[in-house]
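Take 1 as the starting number for the sequence shown in our numbering and just add one per residue.
Derived from the structure by calculation, the hints contain no laboratory data.
Please note that the accuracy of each hint is not assured.
[Claimed, not checked] As a list, the in silico DSS-like pairs of lysine-lysine whose alpha-carbon atoms are at most 25 Å apart:
| # | residue 1 | residue 2 |
| --- | --- | --- |
| 1 | K109 | K156 |
| 2 | K333 | K249 |
| 3 | K70 | K33 |
| 4 | K109 | K333 |
| 5 | K198 | K36 |
| 6 | K109 | K36 |
| 7 | K36 | K345 |
| 8 | K156 | K179 |
[To be verified] Label pairs and their computed distance ranges (CB to CB):
| # | residue 1 | residue 2 | range |
| --- | --- | --- | --- |
| 9 | R71 | K179 | 29 to 39 Å |
| 10 | E34 | Q353 | 40 to 50 Å |
| 11 | A80 | D320 | 56 to 66 Å |
| 12 | E322 | G62 | 26 to 36 Å |
Every residue, glycine too, gets a C-beta built ideally from N, C-alpha and C.
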Amino acid sequence: MVSGMHIIFTVASMAGGGAERVISILANRLIEKENKITIVMTAGDRLDYRLHAQVEVVSIGGLTGGSMIKRIQRIRNLRAVFCKDEDAVIISFGLGSNFYTAAAQIGLKNPFIISERNDPAACPHPYLRNLVFGCADKLIFQTKEAAACFPGRLRKKGAVIANPISETIIPAYQGRREKMVVAVGRLEPQKNYPLLLKAFSQFHETYPEYTLHVFGDGYMKEELQEMSRRMDIFDVVIFEGFQKDVHQKIENAAMYVLSSDYEGISNALAEAMALGLPVIATDCPIGGSRLCIQNERNGLLVPVGDADAMAKAMCRLAKDTEFADRIGLEAVKVRERFSEANITKRWETIIRQLKGEMQ
């Protein structure tokens, strides 16, 4: 990458989440190459990730609460940041951020990239989203299946880049595993924790010595707790909340389970594999789980929404610990496949090409 580039990331906030983790990794890597990095938070000031001291973090306001005046002001504030450097490359993450960033950069010369972070089919307003995506000079998709969801005019702008695994992640665990089932993610409908609770309830009938630990915050917490009471598993399901040291807390678990209805690429799943955890994941649309997992070799895939299949997979790992250890050992290879160096190099190439095309 050309030394001295200015790259501006826009995102709602830097609260715990997959997109935010990717931004933090890219920012920390790119700043080391003598680039100027600015992260603009459009809807808050929460920062849950460690950033290089020279990464500039700017908050341009809080939640709008539906106020049109505040929304317009958000666009003005973003535009003011962009106007300070018309050569800066703008990279937007997240549906809301994409809309405001696209509106703010209209008429400006800044190279503009949008990174698609989820299953495109889950977007409630695909027509508006496609209009916004049309404003970008380049689109980054997580999988080929995600790119295929868009019309040809947008696919022509696209490139596929997977998520990086942080090089600071702790070493893969090789010791004795505790009788813990773990899951990491926001307590929101997309993650389908009711499915996980149902599967764990079935699993627990055969393996009552296991506990389920769910790491993450979200508005569904009380509903999920009540559900666990009704299933009579409340005493063995622990809602841990958001934990900055989550890797240390899950590294010795017996298995990691992803129950989502849809995902882009789950950072939490890839990181669990990097830790050497035996993993079970729903085979989500657009192939994010499939990109990480080779079924039966480095993890297990189960159909979306199938609690019986998930419970059966959990029982298999609990019963056949040699198989569990074997797929966990194989899973660690994602560290190299999705390394910071490899993924950042791909981003560098895309940004350099775009800069060259627009000069």
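Verification of the supplied hints:
no., hint, in the structure
1, K109 / K156, "holds (20 Å)"
2, K333 / K249, "holds (21 Å)"
3, K70 / K33, "violated (36 Å)"
4, K109 / K333, "violated (41 Å)"
5, K198 / K36, "violated (48 Å)"
6, K109 / K36, "holds (18 Å)"
7, K36 / K345, "holds (17 Å)"
8, K156 / K179, "violated (48 Å)"
9, R71 / K179: 29 to 39 Å, "violated (49 Å)"
10, E34 / Q353: 40 to 50 Å, "violated (19 Å)"
11, A80 / D320: 56 to 66 Å, "holds (59 Å)"
12, E322 / G62: 26 to 36 Å, "violated (52 Å)"
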